[in-house]
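Enquirer: Here is how the chains run, residue by residue.
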Amino acid sequence: MAKILLIDDDPQVRTVLKGFLQIGGHEVLEAANGVQARKLLQNTAVDLVITDIVMPDSDGFEVIMSCVRKEQPLKIIAITGGSPNLAQQTLLTIAQKMPVNKVLAKPVTCEELISAVQDVLNTPAAANRPQTI
Amino acid sequence: MFSLFLGRFLPLALFTLLAGGAIFLLEHRSHLDLLYTFGKIQSIDEESPLTIALEQHQLITIASVTLLALVIAAPIAWFRAVRQRHDLMAEHQNRENLRSIKLLLDSTIEGIYGTDAEGRCILANRSCAKLLGYSSPEQLLGKEMHPLMHHSHADGSPYPVSECRAHQMVSTGSTPILVTDEVFWRQDGSSFPVSYSAHPIQEDGRNIGMVCTFVDISERRQLEDQLRHAQKMEAVGQLAGGIAHDFNNILQIISGNTQILQFEQNGQNSDQPQLQEILKAVERGTVLTRSMLAFSRKQTINPTLFELNQMVQDSLLLAQKLLTKEITLQLELTESALVITADEILLQQVLFNLITNARDAMPNGGTITVATAEQTIDENNCTGTLQGCLPGTYAVLLVRDTGQGIPEEIRRKIFEPFFTTKGVGKGTGLGLSMIYGTIKQHGGFVQAESTEGVGSCFSVFLPTSTARLMPDKNNTSDKNEDAPRG
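Respectively, the protein sequence lines represent chains A and B.
Heads up, the first sequence is in the working numbering, so the first residue is 1 and it goes up one at a time.
Heads up, the second sequence is in the working numbering, so the first residue is 1001 and it goes up one at a time.
Okay, derived cross-link-like pairs now, DSBU-like style, lysine-lysine, Cα gap no bigger than 35 Å in a straight line:
(1) LYS97/A <-> LYS3/A
(2) LYS1232/B <-> LYS1413/B
(3) LYS1130/B <-> LYS1102/B
(4) LYS1413/B <-> LYS1321/B
(5) LYS18/A <-> LYS1280/B
(6) LYS1280/B <-> LYS102/A
(7) LYS97/A <-> LYS1280/B
(8) LYS97/A <-> LYS1440/B
Simulated from the structure, these hints should not be mistaken for laboratory data.
Okay, chain A solo, but in the shape it has when bound (with noise of 0.2 Å):
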């Protein structure tokens, strides 16, 4: 079981990522933008941080960039359904030259979502060192 960070503007779609990663067996503590995630990874840590990419506010770029700055660096999936000025396909591609350790497509599915979380916790922290950029 790991603690893990969901972010995302969507509170219905919260929901259903906070459900699936239950039903995974893990705990969830929710931010609806940027802001609020740096200032709840200030007091709490964290194993894991889930973010959307477009985002009001401080989008999921900002969040990331924070995490990879941190002294030590956070595991971070990235997940996105597009942007009305951008493809969806472009955010993750952006989203994968980043410093994350994976990138997913909305709709994802509970065991998706559930495996690539398995996967990223599984992964040594060394090579989790931010990439330049």
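Starting from the structure of chain A, add chain B where the hints point.
Expert: Chain B in isolation, oriented as in the chain A frame:
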């Protein structure tokens, strides 16, 4: 001027001399008659003083007549010469003016004609004759113009002269009119959309006819239609791209909650057919979203260099599976290689989509021909159906069927999203719009030709790659050099 003067003066002087001579002879004769009458002389002696006196008189008279001829004829001749010269100059000026006016009228693109109050042609320029399909403006003169070129509406229904706005203007009003929603008819029976303005010709405050200028607006109409269509497609594309994003979130919520329900009910009702149906619907929604993104050209393409003919041959086996045994699939591929840079999987989807459409157009069977060609489009032939495309060399993938054809009225709509002629549940109406978007994203374009009852042909134009060598397909490091950016 001097020659004119001489021309006038000499005959006049000669006439005056002759006239004077005649008077002199008559006068001379009357003197002799008088003398004979009074018996003063019996005969005329040439040496007599009377004869000498008569000769002197003769000379004086001749001199007087000559002088008179010069004095009278010269000013008259001069006056006449001046008047003739003036007339000639005026006539020349008139002729020159007419020539300039005709030249001016014949140099316009606009057709111009004038009519009398009854609508008979009194003047027409060369463009007018040409636009109406006549070889010269003279063929129109004297003809009644309305029955000749304005007799019917665009749909072919009669357009009586009493309803003609130009004629109404002449007979009832004097305000010029501008009409842009009518057609004129050519001599060969064809029509063209026209923009015309008619102005009354007035004399002493009353209308005695009208002058009409017109232009053929077929090309303008075509460009307007194309622009309107392009704007519509762009707007729908933006809408589709915007919706797709939210759609993915909505699908995530539906499918996610369904899966959670499935998990929670696991063991109690393992069948759960309703939940399975929800997930199937989500799957359909996912495909739809993908198609909308394809149309809006926001899908990510993964271009590689490949040979089009090879791709077609590789797809043949799978394509056969789409067809019934009543349908024959034949290939007409170019012998030369057609190397393009495109997303091979997406292009294969395009091919399957076109083959499926061709199949559906032939419910009773027929032949589907998949052909390839190479076509060079230069700046000069970027017109008509190729209007707006970029000049260059294109690889063309054609899918031709022998089906029922597409009626002309719906041909322009076939690439619009959600437009389908298939029954409910048989087509999303996104197949051709997906093709349209995908090919546009590759820097190409799609054309559809169809004849009702004969069949349809869809041509996909893709820019050929400038690369000479075919790299290893798995080598992705340099494969996007000249790929269209998505």
